[in-house]
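Protein chains: 4
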Amino acid sequence: MAAKSFLSDMLQRIANAGPFLSSKAAMTPDHLIPLCKELVGDKGEASGLKNALKILEIYEAASEEERHSFFVKVAEEFGVDHDALAKAVSQWEPGDHAAARELYFAAEPKSQELIRRLNRVPGSTARLVNMRADLLSYVKAEPELKSLDHDFQHLFSAWFNRGFLEIERIDWSTSAEILEKIIAYEAVHRIHGWDDLRQRVADPDRRLFAFFHPAMPTDPLIFVEVALTREIPKSIASILEQEREHIEPGAANAAIFYSISNCQVGLRGISFGNFLIKQVVAELQKEFPALHTFVTLSPVPGFRRWVKSAIENEDPLLKPEERAVLEQLGDDELPADDFVQRLAARYLVNARSKKGTAYDPVANFHLGNGALLHKVHANADHSERGRSISWGVMVNYLYDENKIEEHHQAYATDGTVAASSEVKSLANAKVKLAPVAAAKAATPPKAETA
Amino acid sequence: MAAKSFLSDMLQRIANAGPFLSSKAAMTPDHLIPLCKELVGDKGEASGLKNALKILEIYEAASEEERHSFFVKVAEEFGVDHDALAKAVSQWEPGDHAAARELYFAAEPKSQELIRRLNRVPGSTARLVNMRADLLSYVKAEPELKSLDHDFQHLFSAWFNRGFLEIERIDWSTSAEILEKIIAYEAVHRIHGWDDLRQRVADPDRRLFAFFHPAMPTDPLIFVEVALTREIPKSIASILEQEREHIEPGAANAAIFYSISNCQVGLRGISFGNFLIKQVVAELQKEFPALHTFVTLSPVPGFRRWVKSAIENEDPLLKPEERAVLEQLGDDELPADDFVQRLAARYLVNARSKKGTAYDPVANFHLGNGALLHKVHANADHSERGRSISWGVMVNYLYDENKIEEHHQAYATDGTVAASSEVKSLANAKVKLAPVAAAKAATPPKAETA
Amino acid sequence: MAAKSFLSDMLQRIANAGPFLSSKAAMTPDHLIPLCKELVGDKGEASGLKNALKILEIYEAASEEERHSFFVKVAEEFGVDHDALAKAVSQWEPGDHAAARELYFAAEPKSQELIRRLNRVPGSTARLVNMRADLLSYVKAEPELKSLDHDFQHLFSAWFNRGFLEIERIDWSTSAEILEKIIAYEAVHRIHGWDDLRQRVADPDRRLFAFFHPAMPTDPLIFVEVALTREIPKSIASILEQEREHIEPGAANAAIFYSISNCQVGLRGISFGNFLIKQVVAELQKEFPALHTFVTLSPVPGFRRWVKSAIENEDPLLKPEERAVLEQLGDDELPADDFVQRLAARYLVNARSKKGTAYDPVANFHLGNGALLHKVHANADHSERGRSISWGVMVNYLYDENKIEEHHQAYATDGTVAASSEVKSLANAKVKLAPVAAAKAATPPKAETA
Amino acid sequence: MAAKSFLSDMLQRIANAGPFLSSKAAMTPDHLIPLCKELVGDKGEASGLKNALKILEIYEAASEEERHSFFVKVAEEFGVDHDALAKAVSQWEPGDHAAARELYFAAEPKSQELIRRLNRVPGSTARLVNMRADLLSYVKAEPELKSLDHDFQHLFSAWFNRGFLEIERIDWSTSAEILEKIIAYEAVHRIHGWDDLRQRVADPDRRLFAFFHPAMPTDPLIFVEVALTREIPKSIASILEQEREHIEPGAANAAIFYSISNCQVGLRGISFGNFLIKQVVAELQKEFPALHTFVTLSPVPGFRRWVKSAIENEDPLLKPEERAVLEQLGDDELPADDFVQRLAARYLVNARSKKGTAYDPVANFHLGNGALLHKVHANADHSERGRSISWGVMVNYLYDENKIEEHHQAYATDGTVAASSEVKSLANAKVKLAPVAAAKAATPPKAETA
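Residue numbers (the UniProt record's numbering), protein chains in the order written: chain A, 1 to 450; chain B, 1 to 450; chain C, 1 to 450; chain D, 1 to 450.
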């Protein structure tokens, strides 16, 4: 029989009984800030746990508006101690390292201590992650909450340090509780129920790995889906189709990372993907020493957005005759394969964000990790999403252990995009002007309608 | 068979192979600071893990002097960015919460990021805790390292948040690896080998509970030893003696917390004891619903030190005639039981530190937790240490769930010491002037010579 | 990462390599008997494991006919050593205990050793259970295989001894692999997919417990589903309906055992149900000390079959006027509630099998366990099966820890059926002759069509 | 926290309460047989568990004499049903397989069912194994108990089938509870306390593996100690010495099986050693693919016993001049190394038991497993035991996966002893007649006196 959590019982007992709290039985969101003040003030640990639990419960029962108002007040009332800060500033002068460090400690906003004390309640880490997910939804409209969000992010960076994460293989021996979340969190290629899931995690030539934090043992933070194949696939359908033949995993030549999903909105800005990919490479090499090719099959989410803006801004990467073709293209129509493949290669190799990084966010992620732009496939993703973001184009990024460091440094230093000679020549090729492949629009293939 | 850690293999592989590191094969402590700079600089994650591992290894192989020199350099070279700080200071004015928060982030010393990145190596948390233990040994002599130590403590407070700790019962089914550490870490009543240990953890009426952090699964952070008894014991010998009769734990009336040991020097300043005691109370209540009395049997480590200083300073708490008696007392002699019991009670209730808290550190700890000074026992600890710190006096502090909050608040607010009427009247009693109980000095009882 | 099974690798290596087996690469069912002889003969353990594995693989790849033929040959060729038996018989005379025991060992059929040696292959226990399931399917048509089946059952009784079984709570933290089998094995009230399953195992007021054998850790042997309720329910629909309100399990007054399913055909004749029910009672009492009522909600599978036979045989338990009513009843029609309830009570209390036990197999099971016939409900199971076996009648059997022994002994000694006074008076009541409740036939309730 | 065993609580509750048993509170050994009869008779399961538990408890509290008397009565009163047997015998005639099988079932002694029912109590398997250990101690003096012992062995063979055993690596992460038993059970080279144990299980170049049965999770059945070395060692001291240098296990060329201990007297006659060795070979190959040499370093327990008998019987294997030398040898003296090495080789290759197997039991074990007699070392075991059984001679048996089958079959078929050419020529060599190495007697080396 599974061990019971005694502490939660104790906390329940503490929280429900005793003269202190019984008078506050009918707590409302109005009590949140006073309770937070009591919590941060030097009160006993016992009431500390009680108050922390109470705050979490009231918060979770509160309305959107009440939550929003709570954050605004926390930002104001749990800020930095301005007197202490002023004093520390006055004692510091540039070059005095010790005084600067003390200034740092003096400048700590009280919200940091608030969040730390809320986290003392066993099991509350996941609740705080959810709280920040709420906060993030307000930040857009209300930038003054941004500095409070930095507070959360600051602590979460410490808490979710790579050294604390645990990798787990997710398969058919995993609990239904976690598997259900995998279905819900898959953000790239939707999982259509338990049978589809079984294929992704339990087929002999499929793997799914996730990172977990010990304080959130049933909440994956990020996961990656891997297909073990004989050849590098040219389309996502070949991986997802239901009737495909399995191969012996030991006979695989390539591991295809075909989907990476971040699970926790509340952990935005804390990056796990790079670590996960590299650890999964290590795990697979351990299990299959013969495996040497590690590539992704990735979407190109910025492609059509860039084309649109390139047309508008008369970006020189786009030639006038190409622009003409593209302007004639209906929304549901696909350009010819050759045309779109070359244009995508050119986009991926050359288009830049204002910061000078690759324009495409997925490209930026993998290039930043040290991967190489290996192949560009037209007609590779027939899903509605695939067509709407990139006319169905997908890309393989190659993770070559011996080159990762070199590629990463070149990209980090001067934005050099590592690309195979094939992709480079595609990027440089003149795009053939061909009639639009309109016919394709009519035949969404089977796998996507499942 | 136990699962293998694939990641450590990978790291080993990463660390040992590849052109990047092979040229650095013969790394010395001189490389530490350059490696740290590379680590903190925006380099790839792969080299990041490699470098972090290398730093830890070089550090651990370094001499005392090299370590010391490393800390001095880190304090200087991984400090705050003074330009950024100056800019943030200029943009802040008291009352601007957002600017103050941004100032906080601008003031973060680079050493914080350094420590966070070192921690990315799986298994490195314990190594960083040991690193801080080293640092602490230098801080005394070199106060300028204090602010660097604050850095460590700041991060450790986040990492070792109560919400991340796990309680474990330690018993005879625990691994030898952990049990061995319990023997080594017991700081109050030494454990004399495996047979003695077996009594402490495996006797039916004994319990030992510890807190662990998930990233240090074989390193207890703190542990408490508990005896289940029929009556509150008056001396430690009755708990530790080897030939005692066991009782059915279900028949116990009292749980005696007779030893609490912090295990990690490197976690100084991060307090777990209060949480541990209260959770152990909850665990025991769960297992034995009939158990209602939870007391400690605690040493009085400040007693003789205070007496000495009181004599020197002519502290009015000590009457002239008492002083006379004490001055005549040989170093190895014990005062009469009555005399010493009353004096100890008076000391515990009335003697204060400069901060206004109880002079005795153990008293301060338990009173701060909301416990009550329940009983004072003369002649309770015949060990050499017991005699040298407190003439063998020991104390019971009582944890009464219904009063903890009240006691804690009274003590926190105005330093009121919660004491039983018995202790209060002892504290107020005139100390009887009796001849020195010199005879006792001659007969250290058996339990202590084991 | 999950620990790998090294042994299976070894066995694979052993089985696939080496001169011995390579020549037998293309083994067919014809090799089964020679391989079995090699296995039972005194050959080395290494080839033993190889041969055992080979036998299992060939068997599993064989056709129905080949399997049947295999059993026939095993029965003949792995029988008792007649010479040894004859000798042992000649040395025995009634009253000589030691000689009788030696006769027993002399009489052991070689098939016992064959099965034991097949079981040496790790993981083969489940495969042998499946093998017996096949055998059982032939036994009906071919009674001469019955004695071979006894062989299997004899060993399985030893292997699946109660002392070796482990109880597990099945809930949403259980692996998909096991949960999928629960869906497949539920034999009483079909589970309609994963959402229905979630209700049965993860709702706060539902429990599912199973017995496992350590050598078959992902194959439940038997499981029972329990609903925690305020009152004893009168129909299965109230338990299974999807939109019902949950109750706090601590607030429950009764635990309803509403479904018990044996999972392994190959374990027929080895009874686990009685042990499981009693242990689940103990588990629930431990978790909810306030819980005192433990009842089943059980089908009455023999009811209509008995009625049919009672009509044919003019059983005096059925009065002529009742028979008349029943003979007029259409196959899809239900008798009136009063009528059917009384008739069912009478049947359950009085109808006997040839052996003198309760005619109804479910009644016989629970009465044999010491339960009491507590209530009879008409109109309690609207499923097609419920209507076809018992016109929708269901029964509560009550497990009262203080009476179990007494009831069991009375039933075991002279077949006395323990029944509540309510059921007794129903059983003695004259059945009211009412018109058929035909209308009910038209409205199968929602829960059953889900 | 560790999960509690609810069932044992239940059983305790069942056993301690209720009218049935309260009257039998003061049960004595006189009740054993009546309770056993109740247990085997068709009584309810509830009382069954109660009675089984009671029997075990009374038995365990009984005196030697009472236990002995219990076994005598069980042998008599729980024998075969002579009437049923007579009937089955009458219905059988040689050649009738089904009748022979039914005769087998009819001949089952009631003691089988008694033992099976005792085993239903969770945790009782280990208690029954201990019970048989007692029984074995009476069998020598009282051969009529032998057939009852066969009963136990018969069931234990089924229960402890290889397929149910689990291999575990024992190391420093193993529980103290199990490690303590390893110390106690080591039968070949005594473990001198916890520090010595740590070397055997936790040194990087040492391994210890054990078989466990799931129903006895803290009781090892058999274990083997392995040293990973560069070369095949010539003496046990080089393995056991405390100050030796460790090697990287990955750098090892050979795995030395230097101690195999059966742990459970009550499992005599059920052989695990062969399986264990072969599985450990597989485990080590998995962990260290480069490891190819697997040898034992084994004692020669029958050597001096055989020499003594050869002298007495004038065995032609011993030449007259050798006999003369040996007869002059003092009890504490060692023959010269050359002499004893050749004589031992000759003994091992040629000396036979009455059954035609190797005279030496350890040789018989390893040769039966398919190992080869690889080397014979004089002066290899300086312990008192080593000197008294074999004048300090030890032997390496080599397990060569590719030859195991062949050697086993040759030995099984006609007793051919597989030996290296070195050993063969030693065996054939004329033993040099040298003066006794008396000096050696004076210097027992350090390792053995620790």
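In short, the hints are calculated from the structure, not lab data.
Just so you know, not all the hints are guaranteed correct.
Since the list gives no way to pick out one identical chain from another, each pair is judged satisfied if it fits inside one copy or across any two copies.
Said to hold, decoys possible - Once the Cα atoms are required to be at most 30 Å apart in a straight line, the calculated BS3-like pairs of lysine-lysine come out as:
{"id": "1", "residue 1": "110", "residue 2": "403"}
{"id": "2", "residue 1": "73", "residue 2": "354"}
{"id": "3", "residue 1": "140", "residue 2": "87"}
{"id": "4", "residue 1": "146", "residue 2": "87"}
{"id": "5", "residue 1": "308", "residue 2": "424"}
{"id": "6", "residue 1": "403", "residue 2": "308"}
{"id": "7", "residue 1": "146", "residue 2": "430"}
Here is what the structure says about each hint:
With identical chains, the CA atoms of residue 110 and residue 403 are at most 30 Å apart between copies only, with a shortest distance of 29 Å across copies and 45 Å within one. Taking CA atoms no more than 30 Å apart as the test, residue 73 paired with residue 354 passes in neither setting, with 35 Å inside one copy and 37 Å between copies. In this assembly of identical chains, residue 140 and residue 87 lie within 30 Å of each other by CA distance solely across copies; the values are 25 Å between and 34 Å within a copy. Taking the shortest alpha-carbon separations for residue 146 and residue 87, both the intra-copy value of 26 Å and the inter-copy value of 19 Å come in at or below 30 Å.
Taking CA atoms no more than 30 Å apart as the test, residue 308 paired with residue 424 passes inside one copy only; the shortest distance there is 23 Å, against 84 Å between copies. Taking identical chains as interchangeable, the C-alpha atoms of residue 403 and residue 308 are never at most 30 Å apart, the minima being 34 Å within one chain and 70 Å between chains. In the homo-oligomer, the alpha carbons of residue 146 and residue 430 never lie at most 30 Å apart, since the shortest distance is 46 Å inside one protomer and 64 Å across protomers.
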